[in-house]
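Visitor: Sequence:
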Amino acid sequence: MDKTGPNGDRETDGGDRLPEMVNFPASVLVRHRSRLLDPSTAVRSAGSARPEPTAYRADTLLVPLRQALDNETIARYNKVLDPLQVELTVVLPRTERWAEAVRTFDPNFPIPVLMRLKDDAVTDRAPDPWAALVALRRTIGVDDLNGVGLEHLTVAASVEIEGAPAGQGPSVADGQGERISLSTGERNPVRLFLPKPARAKDPGKLAAGRRPVVAVMDTGIGPHPWLPVGPLGGDPVVEVSDEFQALVSELETTLADVSGDAVASLASPEEKPDAIQPLLGLIDSHSGHGTFVSGLVLQNCPDVRVLSLRVLHTDGICTDVSVLLGLEWLRARVQHAIDHKKPELMIDVVSLSLGFYPERDDHTTRQLLAEAVQRLTDLGVVVVAAAGNDATTRPFVPAALALNAGGTNGGNPLLVAVGALNASGATVAAFSNAGDWIHRWAPGDAVVSTVPLWQGAMQPDLQLPDGTKTRSAPDEDDLTTGFAVWAGTSFATPVVAGLLAREFQALPDSFDLVKRKQRAEGALKAVDTKLAKNPWRGPAAS
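In the numbering used here, the protein residues as written are 55 to 596.
Mimicking DSS-like on lysine-lysine, the simulated pairs with C-alpha atoms at most 25 Å apart in a straight line are:
id, residue 1, residue 2
1, K133, K172
2, K255, K396
3, K396, K259
4, K579, K569
Derived Cβ-Cβ restraints for the label pairs, each shown as a range:
id, residue 1, residue 2, range
5, E150, A180, 32 to 38 Å
6, T177, L334, 36 to 42 Å
7, S81, K587, 44 to 50 Å
8, P277, T583, 36 to 42 Å
9, Q331, L507, 16 to 22 Å
10, N458, D136, 39 to 45 Å
11, D532, D136, 56 to 62 Å
Calculated directly from the structure, the hints in this document are not laboratory data.
Keep in mind it's a predicted model, so treat the numbers as computed, not measured.
Think of the CB as a built atom: it goes at the ideal place given N, C-alpha and C, for glycine as much as any other residue.
Kindly produce the complete structure, drawing on both the sequences and the hints.
Guide: Written out as structure tokens, the structure is:
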């Protein structure tokens, strides 16, 4: 059976198989200048483990800023890569904001460095960054590379869109001829008869002296009456940053221009309904994802301010450098707020409903994200990340970087991995990943939240005249109700982020780093206590 995949493209149903953990149609790989790592053909260093499947940018390697700006280091790398007939070329946007970023960002912040064929190269294939990375590791050594790695594709952690009515989502056979539904609801519109969450009129009277702030790194924000966007002085529900969006857009556009490709711009903080197929007026698979996530944060903490950072494209995909850029930009903002005593610029929680499966379960593969998250949590910010939706124990990062139950993986106690429960909270959602690094759970199946007020071009299958009205089947892309049901660990994550924000608003703010970490630990402990008493934390979810 044909269906619309998570990228808006038509795909062929794989039968009774669970969804592949790393499987993108060719059109998606072309769109994002990417390729798949095939473990059966991939080169590897002597004595190293076979890599796992992953998707990565086809023409870049991530290199820490301090190395990328050192001409001698790049020349050393290029000498190793000379037999492969390729060379690394550092290309950064020539703008004032990027010049400022280079001056103020952490020297370990990774930037994508183009890998191109040398002018005199004779080959009929584009160079492979994985092969180049293995060559560097063989010659220079893993430890000396200090964070050089692939630029992975990162995906939204929501169940894929099939346009099916609620209750008719993806399923698998149970081996006895019966089918088991994996999820209920895949961005299907619903009608909600509830008032807008009530907010305190004077945030200065909250215990924290300000509204708690949750940074949502997602597809952006769309129009909705519950989520007005405005300047800080106007006490908005949602704040956006043109500065951050320009940083992301300039980096992607600069690299795409040099490589001769085109890429949809993320310069605007607004979600777009039809960036992939605008001539057809289709609502892309993950359009509205960020608005849905933001609405869940608001429902669980009405006094929150959401800082919406658009990193995902409307097909639910970006690369990990966009996530790393967002984390570093947030770190710089919090550090500035501390240094200059500006509480209005503080961040309390970061919500990440996204991730990827790395090619290797080792320190070198995950080091960049681990260090970026650590720099934020060291400032007293809690980072909440989705566990993934493939019913696997394979590590899904950044969530898998969380401290495991035994504390043996060297993880981060202020990084919270969240798995999804079904709507009742009594059972784990069939699609949710599992692992000893996941010990917070929240409903993520059949949850209702906000979606942008959009009307797509798709028509319901049934339309019959009935007097003065038209009778029809449900129209899955008519989002003009402003609310929908959806499923995924994507949506369990902002539930926990919202609960954390609620605890932060009851705690006094501080500019002292020791007190800020204690404040974060206190908020997380309070949430854990409430989760333990909640039916969400039944035996199936413990």
